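K.L.:
For chain A, the structure is supplied; the task is to place chains B, C, D, E, F and G on it using the hints.
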Amino acid sequence: MKLSPLGDKVVLKQLEAEETTKSGLILTSQSKEKPQEAIVVAVGPGGMVGDTKVEMVLKEGDRVIFSRYGAMEIKFDGEEYLVMRQNDILAVVKD
Amino acid sequence: MKLSPLGDKVVLKQLEAEETTKSGLILTSQSKEKPQEAIVVAVGPGGMVGDTKVEMVLKEGDRVIFSRYGAMEIKFDGEEYLVMRQNDILAVVKD
Amino acid sequence: MKLSPLGDKVVLKQLEAEETTKSGLILTSQSKEKPQEAIVVAVGPGGMVGDTKVEMVLKEGDRVIFSRYGAMEIKFDGEEYLVMRQNDILAVVKD
Amino acid sequence: MKLSPLGDKVVLKQLEAEETTKSGLILTSQSKEKPQEAIVVAVGPGGMVGDTKVEMVLKEGDRVIFSRYGAMEIKFDGEEYLVMRQNDILAVVKD
Amino acid sequence: MKLSPLGDKVVLKQLEAEETTKSGLILTSQSKEKPQEAIVVAVGPGGMVGDTKVEMVLKEGDRVIFSRYGAMEIKFDGEEYLVMRQNDILAVVKD
Amino acid sequence: MKLSPLGDKVVLKQLEAEETTKSGLILTSQSKEKPQEAIVVAVGPGGMVGDTKVEMVLKEGDRVIFSRYGAMEIKFDGEEYLVMRQNDILAVVKD
Amino acid sequence: MKLSPLGDKVVLKQLEAEETTKSGLILTSQSKEKPQEAIVVAVGPGGMVGDTKVEMVLKEGDRVIFSRYGAMEIKFDGEEYLVMRQNDILAVVKD
Numbered sequence: 003m004k005l006s007p008l009g010d011k012v013v014l015k016q017l018e019a020e021e022t023t024k025s026g027l028i029l030t031s032q033s034k035e036k037p038q039e040a041i042v043v044a045v046g047p048g049g050m051v052g053d054t055k056v057e058m059v060l061k062e063g064d065r066v067i068f069s070r071y072g073a074m075e076i077k078f079d080g081e082e083y084l085v086m087r088q089n090d091i092l093a094v095v096k097d
Numbered sequence: 003m004k005l006s007p008l009g010d011k012v013v014l015k016q017l018e019a020e021e022t023t024k025s026g027l028i029l030t031s032q033s034k035e036k037p038q039e040a041i042v043v044a045v046g047p048g049g050m051v052g053d054t055k056v057e058m059v060l061k062e063g064d065r066v067i068f069s070r071y072g073a074m075e076i077k078f079d080g081e082e083y084l085v086m087r088q089n090d091i092l093a094v095v096k097d
Numbered sequence: 003m004k005l006s007p008l009g010d011k012v013v014l015k016q017l018e019a020e021e022t023t024k025s026g027l028i029l030t031s032q033s034k035e036k037p038q039e040a041i042v043v044a045v046g047p048g049g050m051v052g053d054t055k056v057e058m059v060l061k062e063g064d065r066v067i068f069s070r071y072g073a074m075e076i077k078f079d080g081e082e083y084l085v086m087r088q089n090d091i092l093a094v095v096k097d
Numbered sequence: 003m004k005l006s007p008l009g010d011k012v013v014l015k016q017l018e019a020e021e022t023t024k025s026g027l028i029l030t031s032q033s034k035e036k037p038q039e040a041i042v043v044a045v046g047p048g049g050m051v052g053d054t055k056v057e058m059v060l061k062e063g064d065r066v067i068f069s070r071y072g073a074m075e076i077k078f079d080g081e082e083y084l085v086m087r088q089n090d091i092l093a094v095v096k097d
Numbered sequence: 003m004k005l006s007p008l009g010d011k012v013v014l015k016q017l018e019a020e021e022t023t024k025s026g027l028i029l030t031s032q033s034k035e036k037p038q039e040a041i042v043v044a045v046g047p048g049g050m051v052g053d054t055k056v057e058m059v060l061k062e063g064d065r066v067i068f069s070r071y072g073a074m075e076i077k078f079d080g081e082e083y084l085v086m087r088q089n090d091i092l093a094v095v096k097d
Numbered sequence: 003m004k005l006s007p008l009g010d011k012v013v014l015k016q017l018e019a020e021e022t023t024k025s026g027l028i029l030t031s032q033s034k035e036k037p038q039e040a041i042v043v044a045v046g047p048g049g050m051v052g053d054t055k056v057e058m059v060l061k062e063g064d065r066v067i068f069s070r071y072g073a074m075e076i077k078f079d080g081e082e083y084l085v086m087r088q089n090d091i092l093a094v095v096k097d
Numbered sequence: 003m004k005l006s007p008l009g010d011k012v013v014l015k016q017l018e019a020e021e022t023t024k025s026g027l028i029l030t031s032q033s034k035e036k037p038q039e040a041i042v043v044a045v046g047p048g049g050m051v052g053d054t055k056v057e058m059v060l061k062e063g064d065r066v067i068f069s070r071y072g073a074m075e076i077k078f079d080g081e082e083y084l085v086m087r088q089n090d091i092l093a094v095v096k097d
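Chains as they are written, first to last, in this note's numbering: chain A, 3 to 97; chain B, 3 to 97; chain C, 3 to 97; chain D, 3 to 97; chain E, 3 to 97; chain F, 3 to 97; chain G, 3 to 97.
No wet-lab data here; the hints were simulated from the structure. These numbers come from a predicted model, not from an experiment. There's no promise every hint is true.
As the list claims (entries may be wrong) - Simulated pairs of lysine-lysine, DSSO-like, Cα-Cα distance not exceeding 30 Å:
#, chain 1, residue 1, chain 2, residue 2
1, D, LYS15, E, LYS4
2, C, LYS55, G, LYS4
3, G, LYS96, G, LYS15
4, A, LYS61, G, LYS77
5, G, LYS96, A, LYS15
6, G, LYS61, F, LYS4
7, G, LYS15, A, LYS96
Said to hold, decoys possible - Distance ranges between label pairs, derived from CB positions:
#, chain 1, residue 1, chain 2, residue 2, range
8, G, ASP97, E, LYS55, 37 to 43 Å
9, C, LYS15, E, GLU62, 48 to 54 Å
10, B, GLY48, F, GLY52, 25 to 31 Å
11, B, LYS15, A, GLU75, 18 to 24 Å
12, B, LYS4, C, TYR71, 21 to 27 Å
13, D, MET3, E, GLY52, 33 to 39 Å
Claimed, not checked - Computed footprint of chain C on chain D; a stretch qualifies when at least three of its residues, placed anywhere within it, have a C-beta under 8 Å from a C-beta of chain C:
#, segment
14, 3–17
15, 82–93
Cβ atoms here follow ideal geometry from the backbone N, Cα and C, with glycine treated the same way.
Excised from the complex, chain A in its bound form (with noise of 0.2 Å):
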């Protein structure tokens, strides 16, 4: 079961924060802040959305930094995710 995304939009899976503080203390999830960064799960297929034709450059894997302006959360299978617009992704983290 997985989840096909209408026109140009995407489905993301945040990226926890892994951090640790100077003293060692490892932070709970309460008290971080979580990372504009996700993976991208699945893509829609693009075409004419509106009326504006949108060629999908983003592809499963990318890891990218999102605008939490226009992301949606969703509950699917028990796991979060968000779905935003490619428009709403600001960047591809490239290595």
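P.N.:
Using the frame of chain A, we list chains B, C, D, E, F and G on its own:
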């Protein structure tokens, strides 16, 4: 008697959360948050919507994740439905 | 004397809820929530509306589900009507 | 001295409600809600308005139902008028 | 020294209300509501404004009724003027 | 070191009010309301801005009346400037 | 590891104000207002953005004045950056 949506609109029947808590207690609909999953029950013909030609990609029976933003609740023949534009459907759930 | 709507507008006559409670009590219009169903009583000619060519698909006598958003209430010849653009009609009820 | 509206604008003279209550009492203008009916007194030439070509379908003397939304009140030569775009006219009253 | 408006803008000089009350008292500018009439004192060249070709139909000396919405007040050479787009002029007063 | 604006933007240097009150007192900049006049100090190249081709009609040294709406204040090289789109310039002052 | 912006977006590294007060006191970053100057560190490919073809005129290393409006703050690899559309860059600083 059935609903025939106009333009790029679709009619959805929202799925009820069927969860059992660890203690075996069945949650009533009052205490459960409705999931954003629904079954498509009717699909508009698409075509020109405003100044955009919309091709419908959804079909009856599709299981979809939708955005609450843009969903309009209606009551028809004693049942509750959601009506929204195809563009407010985030993703189709594929097996 | 009748109403001839402009452009892509339609005139609707809202259906009154005719419900009887289980105890047989007839609900007064005060205590009933008006359903979102209406009968189309007049249809505009369509054509160019803004920069979009609109083809009217509704016709007099159609039973429709409408969105309260965008509905304008008018009083004409002692009767209450709703005027809205065809695009604010969600679906036609088919037998 | 008369008003010549620009573009797709029309000038309306609102109809006063002339009602007599059942007891024969003439309602003063203070206690009556003005109806949304008006007589068209001047019609703009239409043509390009923004990037849209507007064809005027209203003519002087037409009795119309208008939307309060978009209506601008002006006072000219001691009389009150309404100016609005043709698109804010909901319907023409036909005999 | 004079003002040369850009694009589809026009410069107006608002007419002062010259009223005498029934008792013969001249109203001061404080107590009078300024009418929405003005004289056109400068007209922009029109042409492409955004993605629309605007043809100027107003000319210097035209007496117009304007919408307060969109009117910008400026002070130039000790005098107060209004600047607005031609589209915010409601009507020209013809003799 | 100078500023080179992008697209249809222009850089303005606002004129200081140089007024003497009737009693001969020079007003400090605190108590004076800055006039909406400025000198154009840099002009962008124009060209495609969004989906519109913009031709720049302003040039360095032009004295202009501008709309506060849309004006962005910047500090550069110790001096304050305003940056705005050409369309937010209301008029050029001609001798 | 580096950032590759999408569409017409650019990544900026904001310049820190390096000021010494007259008394010789070095201002801490808390008490200083950050200037609106930044260095471009990454530039998107441009191309079709919405229904507009955007040509990128900025390049890495450009020193720019930007509008806070539209700037999105991100943290990447322990450093703070700003991401915005090329259109939110006001001007390039030329030597």
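K.L.:
Holds or violated: D/LYS15 with E/LYS4, Cα cutoff 30 Å?
P.N.:
violated (39 Å)
K.L.:
Taken at face value, is the distance from the CA of A/LYS96 to the CA of G/LYS15 at most 30 Å?
P.N.:
holds (18 Å)
K.L.:
Between C/LYS55 and G/LYS4, does the CA-CA distance stay at or below 30 Å?
P.N.:
violated (48 Å)
K.L.:
Quick check: does the Cβ-Cβ distance between D/MET3 and E/GLY52 fall within 33 to 39 Å?
P.N.:
holds (35 Å)
K.L.:
For the hint 37 to 43 Å, verify it against the beta carbon of G/ASP97 and that of E/LYS55.
P.N.:
Holds, since G/ASP97 and E/LYS55 (Cβ atoms, about 40 Å apart) stay within the stated range.
K.L.:
Between B/GLY48 and F/GLY52, does the beta-carbon spacing fit 25 to 31 Å?
P.N.:
For B/GLY48 and F/GLY52 the Cβ distance comes to about 28 Å; the hint holds.
K.L.:
Count the residues of the segment 82–93 of chain D with a beta-carbon closer than 8 Å to any beta-carbon of chain C: does the count reach three?
P.N.:
holds (count 5)
K.L.:
Between B/LYS15 and A/GLU75, does the C-beta distance stay in 18 to 24 Å?
P.N.:
holds (22 Å)
K.L.:
Are A/LYS61 and G/LYS77 close enough, with their CA atoms no more than 30 Å apart?
P.N.:
At roughly 23 Å apart (the allowed maximum being 30 Å), G/LYS77 and A/LYS61 satisfy the hint.
K.L.:
Okay, B/LYS4 versus C/TYR71 on CB: inside 21 to 27 Å?
P.N.:
Distance hint for B/LYS4, C/TYR71 holds at roughly 24 Å.
K.L.:
Taken at face value, is the distance from the CA of F/LYS4 to the CA of G/LYS61 at most 30 Å?
P.N.:
holds (18 Å)
K.L.:
So is the segment 3–17 of chain D in contact with chain C by the C-beta rule, three or more residues under 8 Å, or is the coverage claim wrong?
P.N.:
Violated - the segment 3–17 of chain D has 0 residues with a Cβ nearer than 8 Å to chain C, which falls short of three.
Hints 1, 2, 5, 14 from the list above are not met by this structure, while the remaining hints are.
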